[in-house]
Amino acid sequence: MKKKIVFSVLIIGAIALGIGYYMFQKPVESLRDKDPAWQGMSEDLYENFSEDEVAGNKIFTGNILQVTGTVVEILQNSDSSSTLILNSSHPVFGVKCRLDPKFNTSKTPAEGAEITLKGLCTGINSDVELNQCIIL
Amino acid sequence: MKTIATLILLGISLLGFSQDQFFTRNANITFFSSTPMEDIKADNYSATAVLDTKTGAVEFSVLMKSFNFKKALMQEHFNENYVESSKFPKSVFKGKVENIGAIDFSKEGKHEVNVSGEITLHGITKAISTPGTIAVSEGKIISNAVFTLKPEDFDIEIPAVVRDKIAEEMEVTVNAELEPLRR
Chain A
1 MKKKIVFSVL
11 IIGAIALGIG
21 YYMFQKPVES
31 LRDKDPAWQG
41 MSEDLYENFS
51 EDEVAGNKIF
61 TGNILQVTGT
71 VVEILQNSDS
81 SSTLILNSSH
91 PVFGVKCRLD
101 PKFNTSKTPA
111 EGAEITLKGL
121 CTGINSDVEL
131 NQCIIL
Chain B
137 MKTIATLILL
147 GISLLGFSQD
157 QFFTRNANIT
167 FFSSTPMEDI
177 KADNYSATAV
187 LDTKTGAVEF
197 SVLMKSFNFK
207 KALMQEHFNE
217 NYVESSKFPK
227 SVFKGKVENI
237 GAIDFSKEGK
247 HEVNVSGEIT
257 LHGITKAIST
267 PGTIAVSEGK
277 IISNAVFTLK
287 PEDFDIEIPA
297 VVRDKIAEEM
307 EVTVNAELEP
317 LRR
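Listed in order, the protein sequences are those of chains A and B.
FYI, the numbering for the first sequence is 1 to 136, going by the working numbering.
FYI, the numbering for the second sequence is 137 to 319, going by the working numbering.
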């Protein structure tokens with residue numbers, strides 16, 4: 001009986017350690033199969049966020065957004081990933097979307113193309129920022 | 137926190153575009169912590185920066201939630217437990233390139249500079265001074281600086297259970313390729 005208890009405790013302990021190790025090592029996941037909390041046009045996202053940053057942070061930041069807009073600028077980052085700027089009514093700023101280099105399988109679109117992508121909203125810093133973006 | 141946007145809009149509205157202002161919206165900021173237990177690295181490729189080559193005024197602004205970690209749990213702990221990025225979403229550096237007058241921006245070349253100013257992180261503002269480089273190449277300005285920050289200086293508490301895994305000083309590397317502001 002005592003042996004059974006010791007054995008059971010060891011097994012449970014090993015499983016708990018395994019789960020803990022898996023959780024600790026788990027990489028950041030792709031957003032491809034995750035549902036967006038908000039869908040809309042880049043112009044509307046920028047306007048809503050820039051009008052009231054505090055409210056915008058509550059509504060958008062930390063959420064997955066599905067955004068449609070026109071690519072107005074393409075930036076090459078120093079790690080070879082790309083960042084797309086989607087249009088807004090502002091003369092300089094818009095929605096800045098860093099494509100996820102690990103999971104993004106689509107080709108980088110050309111300037112002027114209308115695209116839809118999913119990304120994790122990280123806030124507003126002159127541009128509204130989306131991270132880990134996947135072109136749909 | 138809207139200073140960069142204001143500076144840029146002023147540059148555009150007053151001069152059409154400002155010949156002295158250089159700007160980027162995809163500067164790379166990396167922080168690195170190394171201990172015998174574990175190395176931790178996070179990258180941000182979305183920092184905004186503006187440099188005025190006439191006055192030497194420089195400003196960087198970065199969203200804390202835009203730092204990318206390899207491990208999901210590290211990213212979660214960084215945002216929720218350490219820098220509290222929902223409460224303090226941005227980190228901002230405002231300062232000056234002290235010897236900007238010694239640089240001829242019309243000629244290509246690399247220059248050693250010293251940058252000093254104030255950095256705000258986790259709601260705490262501290263003075264900082266660091267050496268760096270500014271290179272003029274193909275009409276762009278490529279800037280680089282490496283410095284260290286102590287989490288405790290910014291009231292960032294590291295729980296005792298992970299104290300051995302997180303270095304007392306973080307190495308911060310800044311790389312930015314700034315272009316003349318025109319749009």
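These aren't lab readings, by the way, just hints derived from the structure by calculation.
It should be emphasised that the depicted structure is a prediction, and the values quoted were computed from it without experimental measurement.
Keep in mind that a hint or two might mislead.
In silico DSBU-like cross-links for lysine-lysine, where the CA-CA straight-line distance does not exceed 35 Å [to be verified]:
#1 A:26 x B:223
#2 A:102 x B:286
#3 B:177 x B:286
#4 A:34 x B:262
#5 B:190 x B:207
#6 A:26 x B:286
#7 A:26 x A:102
#8 B:301 x B:243
Going down the list of hints, with the structure as the test:
1. A:26 x B:223: Satisfied, since the Cα-Cα distance of roughly 26 Å is no more than 35 Å.
2. A:102 x B:286: Distance of about 31 Å is within 35 Å: holds.
3. B:177 x B:286: 15 Å, holds
4. A:34 x B:262: Given pair residue 34 (chain A), residue 262 (chain B) is violated - Cα atoms ~39 Å apart, limit 35 Å.
5. B:190 x B:207: 42 Å, violated
6. A:26 x B:286: The hint holds at about 27 Å.
7. A:26 x A:102: Given pair residue 26 (chain A), residue 102 (chain A) holds - Cα atoms ~15 Å apart, limit 35 Å.
8. B:301 x B:243: Roughly 46 Å separates the two Cα atoms, so the pair is violated.
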